[in-house]
Amino acid sequence: MERIYHQRGPRISAGGKQMKLEENLRRRRENKEILLMTHLVLGYPDFDTNREVIAQMVENGVDSIELQIPFSEPVADGPVILKASQESIDHGTKVSECISFAKEMVEKWDIPFLFMTYYNIVFKYGEEAFFKKCAEIGITGVIVPDIPPEMGESFYQFAEQDGISPVLIFAPTSSDERMEITGKCSRGFVYCVPRKGVTGTKSEFGEELTQYLARCRKHTSLPLGVGFGIQSRADVEALIGKADIAIIGSKTIKLVDEKGAASVGPFIRHLLGEK
Amino acid sequence: MERIYHQRGPRISAGGKQMKLEENLRRRRENKEILLMTHLVLGYPDFDTNREVIAQMVENGVDSIELQIPFSEPVADGPVILKASQESIDHGTKVSECISFAKEMVEKWDIPFLFMTYYNIVFKYGEEAFFKKCAEIGITGVIVPDIPPEMGESFYQFAEQDGISPVLIFAPTSSDERMEITGKCSRGFVYCVPRKGVTGTKSEFGEELTQYLARCRKHTSLPLGVGFGIQSRADVEALIGKADIAIIGSKTIKLVDEKGAASVGPFIRHLLGEK
Amino acid sequence: MNPPTEDGHYGRWGGSYVPEVLHDTFKRLKEDFAAAKADPDFWREYVELMSTYSCRPTPLTFAENLTRHFGGAKIYIKREDLNHTGAHKANNVIGQGLLVKRMGKTRVIAETGAGQHGVATATMAAKFGFECTVYMGEVDVLRQRPNVFWMEKLGAKVVPVTDGSRILKDAINEAFRDWVTNVDDTHYVLGTACGPAPFPEMVSWFQSIIGIEARKQILHYHHTLPARVYACVGGGSNAMGIFQGFLDDDDDVELVGVEAGGHGLSTGKHASRLCSDDASPGMAQGYKTMFLQNNDGQMLETHSVSAGLDYVGVSPILADLNDKKRVRFESATDVEVIEALNLTMKKEGIIPALESSHAFVQAFKEAPGLPKDSAIIINQSGRGDKDIFTIAHALKDPSWKEFIINEAREYQQGESK
Amino acid sequence: MNPPTEDGHYGRWGGSYVPEVLHDTFKRLKEDFAAAKADPDFWREYVELMSTYSCRPTPLTFAENLTRHFGGAKIYIKREDLNHTGAHKANNVIGQGLLVKRMGKTRVIAETGAGQHGVATATMAAKFGFECTVYMGEVDVLRQRPNVFWMEKLGAKVVPVTDGSRILKDAINEAFRDWVTNVDDTHYVLGTACGPAPFPEMVSWFQSIIGIEARKQILHYHHTLPARVYACVGGGSNAMGIFQGFLDDDDDVELVGVEAGGHGLSTGKHASRLCSDDASPGMAQGYKTMFLQNNDGQMLETHSVSAGLDYVGVSPILADLNDKKRVRFESATDVEVIEALNLTMKKEGIIPALESSHAFVQAFKEAPGLPKDSAIIINQSGRGDKDIFTIAHALKDPSWKEFIINEAREYQQGESK
Ligand SMILES: Cc1ncc(COP(=O)(O)O)c(C=O)c1O
Ligand SMILES: Cc1ncc(COP(=O)(O)O)c(C=O)c1O
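Chains as they are written, first to last, in the numbering used here: chain A, 1 to 275; chain B, 1 to 275; chain C, 1 to 417; chain D, 1 to 417.
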């Protein structure tokens with residue numbers, strides 16, 4: 001079965017500006033039970049493979065993609081992304097190349113792209129310059145796990161100014177008060193970490209998760225994305241009705257490592273419940 | 001040139017008892033400028049070699065021999081005697097064998113034999129028993145460098161009781177008072193150490209030695225023996241007129257090690273100034 | 001010393017940039033630490049434990065021979081090497097151990113570079129009955145094997161970190177990852193005055209015991225304040241420790257921090273954050289400071305003969321004191337360090353750790369120029385025993401080499417010794 | 001404690017059986033020591049130096065976890081391991097160093113077994129500016145190479161003794177030989193409470209600082225005297241040191257000396273002079289005591305996992321206290337020692353030297369049988385860091401083995417690290 005999703009077409013835009021991430025996701029969600037967001041590390045194993053993987057993802061129905069600009073100290077990531085980041089940097093991946101590549105992808109594919117990275121990359125680039133650049137190339141959101149609201153006054157201001165959505169994180173350890181604060185600060189959606197731990201750790205999708213997501217829902221009206229550990233269609237199904245976006249992290253990296261870029265499409269279709 | 005000295009003959013004895021060491025040495029000294037005393041470590045390299053070496057010594061004109069009963073911690077000895085002692089012990093030399101061997105030598109040769117050893121050997125044997133045994137087998141004197149007069153009340157009493165001469169030591173570091181004490185306690189002769197150090201160290205036979213020996217002479221009427229470092233006829237000659245006995249220590253052990261027992265005779269004759 | 005702002009900043013530096021999952025842990029930690037800090041009984045218990053379990057107060061030794069040798073200021077050495085486990089690291093871990101007990105946690109994790117902090121943490125964990133995991137870059141595991149051995153014998157699990165450049169910063173990252181996963185029962189015993197607030201303040205507070213003692217001691221022996229105080233600067237904890245005794249004396253006491261100059265600042269192979277051009281402001285490992293990083297913000301590889309100074313960041317408090325020109329920063333090369341170590345051993349019978357030897361280098365450079373009636377203090381943060389493999393290697397000791405080869409041969413032949 | 005007789009005897013033991021050439025040196029030493037001992041300023045200077053150069057008073061640590069583990073007497077540990085150079089040996093050498101200065105000599109020599117005394121002497125020599133030669137049995141050189149390395153770096157000449165069985169006793173003999181040759185400028189820094197008078201008295205006097213402190217400390221913490229005091233016994237100096245704090249308390253405080261049981265007393269491979277049948281009265285190395293010797297009076301080879309206890313003789317003062325039943329003697333086997341060491345590391349975060357671990361073994365055997373309100377003190381004579389090669393080997397640590405093999409490989413390939 002061959003289908004073509006989201007190929008280059010007219011942009012969904014709002015008020016002269018590129019459509020905001022939240023709005024985009026909500027539109028997509030209108031006729032889907034759950035959205036699929038995927039992730040990859042830029043420059044790993046190389047940009048050509050990234051290109052191929054992204055094509056596989058988009059063509060097979062992914063709704064949004066996180067492009068991770070590698071950072072040498074990815075504290076919130078697990079071994080797979082850590083290693084991918086390190087190798088990417090080791091063979092010379094530059095932030096400027098990641099930006100050019102992102103620009104190319106945004107131009108090619110009609111889904112929202114986000115940057116995932118760590119604060120130092122933004123800080124070194126210059127917060128203001130970074131968000132201007134994001135806006136310029138059409139990146140709609142950023143996930144930067146190490147810049148909490150109380151540390152990021154200027155960060156969140158510049159993001160707002162340029163209409164880039166900073167996606168914040170809820171964790172099971174977050175108190176109600178904390179969710180209130182991060183929820184208010186987040187744009188686009190909220191990234192709900194279903195359990196303690198770093199990326200690539202297997203989650204249990206039981207009663208506890210249901211209660212936790214209900215609690216998340218209470219503290220934000222934004223769509224809820226759930227990441228960390230989704231590996232199969234069953235995992236995705238478990239999230240239907242509880243979250244809006246299933247986020248696939250290191251699993252596709254492992255897949256590409258082991259079976260090549262072409263294996264991504266079938267995996268995505270499996271996650272979408274297609275035979 | 002072949003000559004036979006001191007072969008088994010009638011014992012020079014005094015008053016029913018074996019002649020005292022001092023008297024024996026004095027008689028010998030009557031028609032010699034200087035006496036020659038030699039030394040060996042019993043059981044090193046073995047008793048057979050000891051036998052041969054002693055024959056060489058006596059037959060070539062030595063006046064007296066120190067038989068060293070090896071001890072595992074010979075603090076006052078240098079590396080040559082230390083090693084000889086250690087090897088002798090290592091291949092099983094027993095104190096009782098040393099005594100039997102000494103008995104055999106005393107019976108065979110008509111020169112005074114002394115035991116040289118360390119106090120622990122005597123102490124373990126039993127002081128009283130040890131001196132009784134010496135008397136019984138005809139040993140005339142003992143040199144035990146680690147039993148100073150003030151520590152050896154019973155030791156010196158038992159020696160006296162059995163007519164065994166304990167030979168004490170003068171050192172350049174000995175004060176006049178000290179020489180007075182050790183001189184009084186010594187029997188047979190006094191062993192004058194010409195310099196600081198252990199056996200096997202080369203001495204300088206200069207003006208200092210002359211003065212030192214003159215000081216020794218002032219503090220005792222006993223014959224003076226000088227040891228530690230005599231290697232050649234010149235060394236012996238340097239002592240003539242200043243001392244009564246030239247004592248040869250580790251030099252002969254080295255000689256036997258290197259050239260065998262037969263080389264001892266010629267060496268002795270060299271020391272005696274014979275061509 | 002001025003406390004940090006409410007959000008943990010010292011001037012432009014510091015802060016608490018932690019992943020969300022750790023937010024509450026840090027909040028509690030801040031509260032618990034603040035409560036402990038405000039409780040005089042807590043400090044009293046700490047001082048008491050340090051005096052019965054370690055040997056505080058550590059002495060201030062007058063280095064008479066070195067003083068004579070350099071012919072200038074009187075040289076005093078603060079003897080942190082005499083602490084239990086052999087370095088100032090003991091102060092921090094025992095302090096945090098008491099805090100962990102107060103917080104009711106049962107497991108501790110730590111990162112370690114030189115291994116000193118790892119041994120200290122393993123020791124503390126044994127003493128307090130905590131479970132303990134220590135993360136250590138694989139490179140450091142190799143160069144500090146004796147410390148690894150002791151950590152294991154003390155009951156800790158040592159995890160060699162094979163990611164990144166496999167040194168201290170990677171171990172820190174890995175420790176954070178563990179913490180993120182096990183926040184409930186686990187406390188991360190950070191080993192130096194770095195990391196997210198409240199760690200810089202907390203570690204500095206525990207280490208201030210050094211400066212409090214040193215101030216009293218120098219006034220006792222020398223009757224006036226020292227002209228200068230020298231300390232090596234890795235993360236900055238021993239430096240902060242001793243400097244706090246003299247920070248309020250303003251210009252009277254000059255404070256000098258000495259960084260690892262490695263093969264020389266111009267070679268790029270060093271770990272100087274505050275006195276080289278290779279560092280720039282950044283945010284990593286949860287706090288803002290001067291980092292050795294490239295233009296993209298990727299951390300650089302650092303180099304030092306001493307594993308404990310081989311680190312990309314530096315205490316935000318020191319970065320701030322550098323801005324304020326209250327502390328002067330210098331660097332010492334590997335070669336200078338070995339020389340200073342040799343001289344100190346021969347002249348005083350004291351073996352400073354390679355880290356500490358950096359402070360000695362700078363003190364030796366400056367002592368001759370200071371008046372004879374002045375005094376300087378060098379903080380000897382640790383003892384050099386632990387560095388035997390590195391030092392024997394650096395000094396090209398032939399019999400050591402032979403010894404190692406023989407030991408190996410016996411192992412290889414499976415002989416019993 | 002009763003002083004010895006005028007000629008240096010304690011009951012049947014002791015004395016001063018020295019070669020004539022040393023007679024005057026010993027006379028002067030006796031006089032100089034007597035004068036120093038009678039001079040309160042000398043002791044004051046000694047205590048002062050030990051508190052500024054080393055870290056006296058060393059702590060008395062309450063071993064809470066071990067106490068709980070054994071469920072009997074409260075276990076306290078006297079922390080001589082925290083001394084500069086890592087053992088009680090520092091007390092003795094610094095004391096003798098002051099005496100050497102007083103006597104105007106410029107060179108010191110020493111024997112060493114475990115290497116601790118050698119490192120301590122080399123350290124003291126560096127501090128006082130003395131020339132220094134250390135004699136060490138070749139076997140000990142091999143098993144204690146790290147200490148040899150440090151001695152050399154501290155400026156001492158280390159002479160491996162290849163005579164005899166190449167262990168401590170042979171080093172002592174060699175040191176005496178050196179002394180005989182260089183009496184004028186040289187002092188022999190004997191390392192334990194053995195040897196000719198006045199050494200046993202002198203070394204014990206310097207070490208008594210341990211017992212003086214421990215007595216005060218236990219009364220402070222425990223409010224009453226300890227039921228028992230444990231110390232390992234090589235030559236006997238650390239034991240004499242701590243015992244002197246309690247000797248006059250007669251039956252109130254039971255004093256327990258623990259000798260090296262090696263492979264077990266019945267195997268003959270041990271170093272137990274006072275609790276095995278293999279020893280008998282003798283005189284060697286200048287003094288009378290119980291020696292491990294055969295019927296001819298030849299000294300036997302001894303065995304212990306700890307080089308520092310591997311010695312044929314024992315302090316004449318302890319031999320006398322054994323006669324008087326004031327001190328009880330026990331022995332601990334190599335295997336028991338490793339077990340006790342492991343337990344102490346895991347429970348308390350403390351690493352006793354292998355020597356010291358002997359005292360721990362016996363204390364652990366007896367603690368459970370003593371009332372909970374009683375206290376015992378274990379003298380931790382030194383720290384175990386120095387023993388890493390021996391301990392890693394005894395524990396059959398595979399990664400240590402691998403580490404050594406790798407280090408050797410790099411050396412053999414001449415690679416630069
Ligand atoms: C002995 C010693 N000194 C100094 C340091 C550097 O740390 P800091 O700058 O935090 O004192 C270390 C780190 O391991 C160390 O072991
Ligand atoms: C740590 C330690 N303890 C004990 C001893 C044994 O000596 P002594 O019995 O004199 O205390 C040694 C000897 O080297 C040692 O190093």
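Derived from the structure by calculation, the hints contain no laboratory data. Hints may contain errors.
[Said to hold, decoys possible] Facing chain D, according to a computed beta carbon distance under 10 angstroms, are these residues of chain B, among others:
id, residue
1, Glu73
2, Gly78
3, Tyr119
4, Tyr156
5, Arg269
[Said to hold, decoys possible] A partial selection of chain C residues facing chain D, derived with a Cβ cut-off under 8 angstroms:
id, residue
6, His84
7, His223
8, Leu225
9, Leu265
10, Gly268
11, Lys269
12, Glu348
13, Ile351
14, Phe389
15, Ala392
16, Lys396
Where is the CB? At the ideal position from N, CA and C, for every residue including glycine.
Checklist entry - Among all the numbered hints in the text so far, which are the ones the structure does not match? => result 4, 5, 7, 8, 9, 10, 11 and 16
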